[in-house]
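Guided by the hints, dock chains V, X and L onto chain S, whose structure is given.
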Amino acid sequence: MENLGGLFNPSSPEMEAMAGLTYYTIALCLVILGIIVIAVAYIIIRYRKKPGDDGEPYQNFGNIKLEIVWTVIPIAMVAVLFLLTCSTMKEVDPPAGDRDPDLVIIGHQWWWEIRYPSSGVSTSNEIHIPAGEKMLVRLESIDVIHDFWVPELGRKIDLVPGHPNYIWLVAGKPGVYLGACAEFCGDQHANMRIRVVAEPEAEFKKWLDGQLAIPRTPTGGIAGEGANLFQTMACMNCHTIRGTAAAARVGPDLTHLADRDTIGAGVLTNTPENLAKWLANPQRYKQGAFMPNMKLSDSEVKSIVAYLEALDEQ
Amino acid sequence: MSVLHFLGTAWSFEPWAVIFALALIASYAALPGSRLNGKSLLFASGIFLMVLALVSPLDYLGRNYLFSAHMVQHILLLLVIPLMLLSGIPEKAAEKALALPIAGGVMKFLGNPIPAWLLGVGSMWVWHMPSLHDTVMKNENLYIAQQISFVLTGVIFWWPVFAPVKSGRLAPLAATLYLASACLGCTILGMLITFAGAGLYPAYANPADPAGILSYIRNDLCITPGVDQQIGGLTMWVPGCLIYLAASMVTIARWYASPEPDTVNIPAGEGSIAKAGSYVRD
Amino acid sequence: MANNRMLVGFFIASESIFFLMLILAYVNFHGSVTDGPTAVNSLNPVVTGIFSLFLFASSFTIWLAGKSLRNKNHFMLKVWILATIVLGAVFIFGQGLEWSGLLDKNITISRNVFGTTFFTLTGFHGFHVCVGLIMLSLLLGLALAGDFKGPKSDAVECISLYWHFVDGVWVVVFSVIYLWAFL
Amino acid sequence: MSSRIPLVPENAVPLPSLKANNGLLSWVSSIDHKQIGIMYLIITLIYFLLGGLEALLIRVQLAHPGNDFLTPELYNQLFTMHGTTMIFFVVMPFLIGVGVYLLPLMIGARDMAFPRLNALSFWLFFFGGILLYYSFFTQSGAPDVGWFAYAPLSEKPFSLNKGPTYWALGLLASGIGSVASGLNNVVTILTMRTPGMTMRRIPLFVWMMLVTSLLLVFVIPIITAAFAMMLLDSILGATFFTPAHGGSAILWQHFFWGFGHPEVYILILPAFGIISEVIPVFSRKPIYGYEFVAASTVAIGLLSLGVWAHHMFAVGLGNAANAYFSLASMLIAIPTGVKVLNWVATMWGGRINFATPMLFGTAFIIEFVVGGLTGVAIASVPIDWVVTDSYFIVAHFHYAIFGGSVFAIFAGVYYWFPKFTGRMLSETLGKWHFWLTVIGFNMTFFIQHFLGVMGMPRRTYTYYDMPYWGSMNLISTIGAMILGLSVLIFVWNILVSLRHGRPAGDNPWNAWTLEWATTSPPAVENFELVPPVRGRRPLWDLAHPDMPDEPGAKTV
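Residue numbers (our numbering), protein chains in the order written: chain S, 1 to 314; chain V, 1001 to 1282; chain X, 2001 to 2183; chain L, 3001 to 3556.
Bound conformation, chain S alone (with noise of 0.2 Å):
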C-alpha cells in the first residue's frame, strides 16, 4: 500500500488523522452501496417480469413508518459523521495563537517562493523542514490563485492574492515528500511541483546554515564568463543571486541552485546536462512559463551552466 502514495502513505499526525476519518467514512459508504446493490441486484431476480406474468402487480402507494424509519437513520449517520469532523478538524488544524510563521510559502505562476523568515533565508520549490517538527507555515499568492498540496504530509490549503492562510506542516520521518500545485492557475499548473525535504535536525541546521552563506562569484574561466553573461544579458531582470547585482524577485531566487534537486519546479532533475537543455530553450519544458527563450548560443550556456553550477562553492 505505502507505494501507492498519498491517502495511502499517511506521514504526519495530521494526515494520519485525515486517513483514518476518510477510510471509516469510505467504509461506510461501502457498506450503504453494498445494502442497495443487494437490493437491487434482489429486485432484478426475483422481481423481474416472467412469461406467463400477466396482469399487474399489487399496487402499493407506500408506509409511513417506512419513510420515518429511513430519514431517522440517515439523520444519525450524519451526527456521527459530523462529530467526527470536527473532532478530525481539531486535530489537523489548531489555532496557532499569535506565534509567527516558521515558514512563508508565496505562489507565483509557476513557481513556488521558500522563505524562512527567522533566519531570511530564501529558496524555491524545495522546502526543507526538520523531520518531526511542527512547522507553521504562511502561505501567499503573488499573482492568481494557487493551492499548495502535498499528499503525504496533510491538507490542502490555497494561495490566495491579498487572503493569507495558515497550516501546520509536519513530517513524521525524514525523507522526500512530493506535491503539486491543486488550484488551477493556468497554462503551466501541471507543472508547478513541490517537494518537501524532511531532514533530521543536525543536517536541516546544516542545511540552513549552506543557505545563509553568501556564495563567492567566480572571476576567471568559464564560470567567470557565464557570471559576466548573467550580469550583462537579461537574466538579472528576474532572478536574485545574492552577493551579486541582480536582486529581482520575478523568477526564483538562484542563489544555491546547484543545492536543489529538480529545475522549471520539478520539470527537469538538476544536472548540468539538463540545466543546459533548460536554458537553451525553457519553453520546450514548460511551455508558456515566464522565463523565454534568451536565444543563447551554445557557448553562451554552456558558461551559464558552469556559473550556476559553481554557486554551491564557498
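In case anyone wonders, no lab produced these hints; they're calculated from the structure.
These numbers come from a predicted model, not from an experiment.
Listed below are the simulated DSBU-like cross-link pairs for lysine-lysine, each with C-alpha atoms no more than 30 Å apart in a straight line: (1) K2072(X) to K2152(X); (2) K2105(X) to K3156(L); (3) K65(S) to K1039(V); (4) K3156(L) to K295(S).
Label pairs and their computed distance ranges (CB to CB): (5) P1202(V) to L208(S): 40 to 46 Å; (6) S1215(V) to G34(S): 48 to 54 Å; (7) Y23(S) to V1018(V): 49 to 55 Å.
No residue lacks a Cβ here, since even glycine has one placed at the ideal position from N, Cα and C.
For chains V, X and L alone, coordinates are given in the frame of chain S:
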C-alpha cells in the same frame, strides 16, 4: 473559576423576565375558552424555555462574553419559543380573540403575511445593527425591550404559517415561499456577520470579565472575538435556516395529509374504456 | 389574467436577487477603501435625495394611473402615466448630473472599488429605470391610441408592478449608498 | 353527460396561431412547445457530441505521463469547454427541453403559458452557445480558465486574451434564457393545469421541474450579476475581482458557487423526475411514497441554496464556517436518500419489464448512489482537504452528473422517443448502448477515485510518472473510448429508428400520465380532449375503473 461553578452561579433572576412570563400566562388564561390540555402543556413548556433562556448562564454569557451565545438565545427567543407558544393556543380561543373589537383587528392586520414578514425579519436585522446592538448592551431597559420584542415579533412572524385559526394561514406553496424568503433574509444577515471582519460588535472584543472565565474561553476553547462573531453569524444562518426549512416541510406534510378540497367532481365509471390510450379519439 | 401578473411577480423576485448581489458587492467593499474617493468624500446626499423624491413620487402617480383606469377615467390615466414618465425622467436626469460630476473629478468605474461598486449598482438601477421609461412610453402611446378600456388591464398592472419594484430597489440602494455613509 | 373535459382550461390564454409553415422556417419561427422542445434536444445532442469529443481528446492526452499530444494551452481550453458545454449546453438545456416538451402534455394543457417567451428562451440558449464556440475561431482561442473561471486568473493581467469574455457573454445570454424558461415553467405549472390536475396529482416529473424552475428563477440571477461584474472588470477596467486593485478573489468564488451548487441540483432534480416516471411504469406499480419524493425535492431545493461554501473548504474561510457548511451539505444526503429508497421500494414487488429505459433507470440508481455517497464523504471537511481538486472529485461529479443526470437522460430518451417521433428506438441497439455505457463509464471514472487519493491533481495537462499512475490513466482512457463508441451507437440508433423504427402507437409502454393519452407524435394542439383526471394516474384510472387510485393516494 471552574465551568461547573460558572454554570451553577451565573443565573440571574431578572424580575422582568418573570413578570413577562406571568403576563403571557395571564393573557393565555384570559383567552376565552382556553382550558388545560396537551396544547397548554406546549404553551407552558414554551414559557419555561423562555424563562430559562432569559435567566440561565446562556443569557449571562450573551450579555458579558460571547456574541455567539447571544445569537443562540436570539434564535431561541425569535424562532423556537414563539412557535411553541403559538402552537399552544387552542383554535377556539384564538377565534374568539380575533373577534374582539379593536385588539382583534390589530391582530388580524399583524397576521397578514407582509407585516408579519417585515416584523419577523426586521427585528432580526434592526437589533443586529452594530451601533444599536452596542447601545443595547449598555442599556438595561433597551435590553429588556429587545428580548420581549424578539418573542412578540416571533409570534407574529409565525402566525401566517402556523396560526391556530386555519383561515389565517397561507396556502402551502405560498407559505413555503414566505419561509424561503425569510430564510434568505436571515441568510444574508448571517452571511454579512460571518464574513465581515472581526470586531463588528466591539462590546465582545474586550469583555470586562466579571466571572473570570475569559481566559478559559479564549485559551481553552480557542474562541477569539473573530471566531465568536463567525459562530454567531453562522448560528443565525444555518440553524436559523434549518428551522425555516423544517417549517416548510411541515406545511407541505400538512398539505398532503389534508383532504383535497379542489377535487373536480367527475362521476366515477364514466369513460371507463378498457384500453388506456384509445379513448381520446373515438 | 393571473398568468401575466404571476410572471411579472416571479420576474421581479428574480431581479431582486440580481440587485441583491450588486448590493452585497457594494456592502462587501464598503469600508475597505483606504484612500481615494469614497461615498463620504465624493457624493452629495441632499441633491440625490431630492432627485430621489421625484422617483418615489412617480410610484404614487403610477398608482393613480391604475386607479383612474379602474374608474374608467381615460383622460386622467394618460395624465398620470405622463406624470410618471416626467418624474422618472427627472430622476434619470439627476443621476446623469451626479455621474458627470463624478467623472469630471476623475472618479470612474476603474478608479477604485468604491467607483466600481457605486457605478455598477447605480448604473444597473438607472438602466432598469430607463427600461421602465420605455415601457411607460409605450403604455402612453397605447393609451393615446385608446387601447385601454378599463377597468382592468394587465399591461398597466404589470408595468406599474415593475415600476414599483424599480422604486423599491432605489429605496434600498439609496439607504445603502447614501444614508449608510452619512448617518 | 360526458366525463370528458373540454381541452382548454377556462383560464387558458388564447394561443397565437399554431399553424405551421413548412420546412425550416416552420422550426425557426415556431412557438409550439413541442417543436421548441425537439430543437432543444437536437442542439443538445450536437453539443453532447462536441463535449464528448473534447473529453476524448483530454483522455488521449492523459493516456500516459508526459504525453505531448496537446499543448498545455489547448488542453486547458478543452477541459474548460468540456465542462462548460456539458453543464450549460447539454445537461441543463436537455432537461429544460424535455420539460418544455412534456410539461404542457403532462398537465393537459395546449402549450406553455407564454409560447413566445418559450421561443425566446430557446434562441437565447442557442445563440449563447454559438457565442461561446465562436471563441475557438478567434485569434485568442477558447476560454482556458476552467468552467469556474476563478478570478484573478480569469482577469487581466493573467488572461489577456478574450476567451473568458466570450465565456461570460455566452453564458450570460443562455443564462437569461434559462431564467425565462424557469419563469415560463413555473407559471405554466401553477396556472395551466387541466381541471382535476391538482398540485397533489401532478406527475413527479412536473413536481421536480417546478422546483428546478424556481431554482432557475432565483439562482441564475446570482451568476448573471457575477458575469456582469466580471465583464465590467474585463471591458471597463472595474476592480471587483482584482486583489491588486482592492478587489476580492474570494468574492468571485462565493458568487460563483452561490450559483454553482444549486446548479448541480438544477442538473439532477429533473433527472430524478425522469427516473420517478420511468421506474413506476416499468415496475407496473405506482411510485412509492409520492408525498415523500415530492417533499424531499422541495427540501433539496431549499437546502441547496445554503451549502455553496463546501466548494471552498481549502480557501481558508475559518473552521467555524467550514464546520457549518459541512453540516448543511451532509443534510442534503437525507432527502436524497429518501428518494433513492423510494425508487427501490417502487421496484420491490413489481413485475419489472427491463426494456432499455428501465435498464438505464436501474443503473442510474446504482451509479448515482456511488456519486451521492462520495458526495457525503467530501462534505466532511478533512476528507475534502484530502481529495478536493484531485481526480477523486472528477470521479465524484461524473458519477453524479453522468451516472446520475446523463443515465436518466438516456432513460428518458428511450422512454419518450416513441412519443416524440411516433417510432420506437431499436431495443437491440439500445441494449448494446446500455452495456457499453455502463462498462465504459465505470472503467473511465471508478479508477479515478484511486488516482485522486494517490495524489493526482485535476486540470493538469500532464502528470508525474508515479507508480501505477500511467497504467491507471490508460485504463481510464480506454474506458472513455468505449463510452465514446456507445454514444455513436446511440446516435446511430436514433438516426435509424427515425426512419425505420417500429411504429409506436399512442401508448407503447402502457404508461399512466397524460402525455400518453394523445397521438405519437401529438397533434399541434396536443389533445382533442383531455381525459378526466381523478388521481395521479389518469390512464390507470381509465383502464381500471374498478380499482382507481384514491385521490390523495392512501398509504398501505
